[in-house]
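Protein chains in written order, with our numbering: chain X, 1 to 243; chain B, 1001 to 1108.
Source of the hints: derived by calculation from the structure; they are not laboratory data. Treat the hints with care, since some could be wrong.
To be verified - Going by beta-carbon spacing under 8 Å, a handful of chain B positions derived as facing chain X:
no., residue
1, Met1001
2, Asn1002
3, Arg1004
4, Tyr1006
5, Val1007
6, Ile1024
7, Asp1039
8, Gly1074
9, Glu1075
10, Trp1076
Stated by the list, open to error - Stretch-level coverage of chain X by chain B, calculated; a stretch enters the list once three of its residues show a Cβ under 8 Å from a Cβ in chain B:
no., region
11, 28-34
12, 51-60
13, 226-233
Beta carbons: idealized from backbone N, C-alpha and C, even for Gly.
The chain contents come next:
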Amino acid sequence: MSGTLFELSVSLWRGGQEGRYENYHVPRRASQTVLDVVTFVQRHLDPTLSYRFACRVGVCGSCAMTVNGRPRWTCRTHVSKVADSGRLEIGPLANLPVIKDLTTDMEQFFVKWQRAKGAFVPSQTRRDAIAQIRPDTPARVAADAAIECINCGVCYAGCDTVRWNSAYLGPAALTRAWTLINDERDAGNAARLQAISASGGCHACHSHQSCQELCPQALNPTAAIAGLKKRTTAAYLKGEIKP
Amino acid sequence: MNVRLYVWQRATAAVMAPLVLGHIALIFYATRQGLTAADILARTQGSIVWAAYYGVFVAAASIHAAIGVRNVLGEWSPLTERRAGMFALLFGLILAALGARAVAAVVL
Chain X
1 MSGTLFELSV SLWRGGQEGR YENYHVPRRA SQTVLDVVTF VQRHLDPTLS
51 YRFACRVGVC GSCAMTVNGR PRWTCRTHVS KVADSGRLEI GPLANLPVIK
101 DLTTDMEQFF VKWQRAKGAF VPSQTRRDAI AQIRPDTPAR VAADAAIECI
151 NCGVCYAGCD TVRWNSAYLG PAALTRAWTL INDERDAGNA ARLQAISASG
201 GCHACHSHQS CQELCPQALN PTAAIAGLKK RTTAAYLKGE IKP
Chain B
1001 MNVRLYVWQR ATAAVMAPLV LGHIALIFYA TRQGLTAADI LARTQGSIVW
1051 AAYYGVFVAA ASIHAAIGVR NVLGEWSPLT ERRAGMFALL FGLILAALGA
1101 RAVAAVVL
């Protein structure tokens, strides 16, 4: 890594739900990520700073924060991409309770995955032959919707509907449900369709498409939710689900 | 909003779309032909077709708007879902009553 290019002016959220932004000066370096900046502050300026990360390579989904007003995965966000003026404001993810500093409580995010019946329900046992799924069938292609989701919470933090409606399951949980609905091996669709068609389910989505724009994995939760709306409407009209 | 309200809101929107276009066409026709109130009433009074046209329009608009108001209140006001539903129901009933009164005034 090359030496210091210049100094970044960094504002970091300090405290819990009630707190304030505090300013730090961090040396600017080549190929520096936002996570590098936060790590520098903790290791060299204030060891009491709390934040969450694990893999540092965009796999674990634990380092998402609000960077200059937008939720981002900080380990794969280069400073050069978001801080042209040399200023960074880094806060915790929105729409989630703040535990301390840059760390949020993700419990409601994962509870909603369970409410959306985001767990795979096997239709066969280990003694059955492995299911043969052709990769080019429409259902298998649709099931790709959430396979690359890393549960980072960026879509949840950027969703207007989550902000307005605390019961809304959110883009990640609904996209997971859409993947399972299209999984030929899954046997949980009756309960899943019922769960996601209730109040706070897929019909609460306004299709603002923030999730699609912000998803670091370039997934399209809005399209998955549109698919859920279509599928649940058909099931309701056939009398298969009752709200 | 659950799937039942979603279906009702979309279905009433689908019903209203052609009715709105017909209503706008009617306004253009009435103004360009210079129809007086007496001319219009002569055409509408006793007409089952106009009563059905605007009766369906009023019913669809009342249901559609009430569901929309329920959603707005649920997201933007501190009301609980139940209270927002009750307020929206009242709003829909008022719309339906006012609309029915207007339809009755031109067809009876």
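Here is what the structure says about each hint:
| no. | hint | result |
| --- | --- | --- |
| 1 | Met1001 | holds, 5 Å |
| 2 | Asn1002 | holds, 4 Å |
| 3 | Arg1004 | holds, 4 Å |
| 4 | Tyr1006 | holds, 4 Å |
| 5 | Val1007 | holds, 6 Å |
| 6 | Ile1024 | violated, 27 Å |
| 7 | Asp1039 | violated, 44 Å |
| 8 | Gly1074 | holds, 7 Å |
| 9 | Glu1075 | holds, 4 Å |
| 10 | Trp1076 | holds, 7 Å |
| 11 | 28-34 | violated (count 0) |
| 12 | 51-60 | violated (count 0) |
| 13 | 226-233 | holds (count 3) |
In summary, the structure is inconsistent with hints 6, 7, 11 and 12 from the numbered list given earlier, while agreeing with the others.
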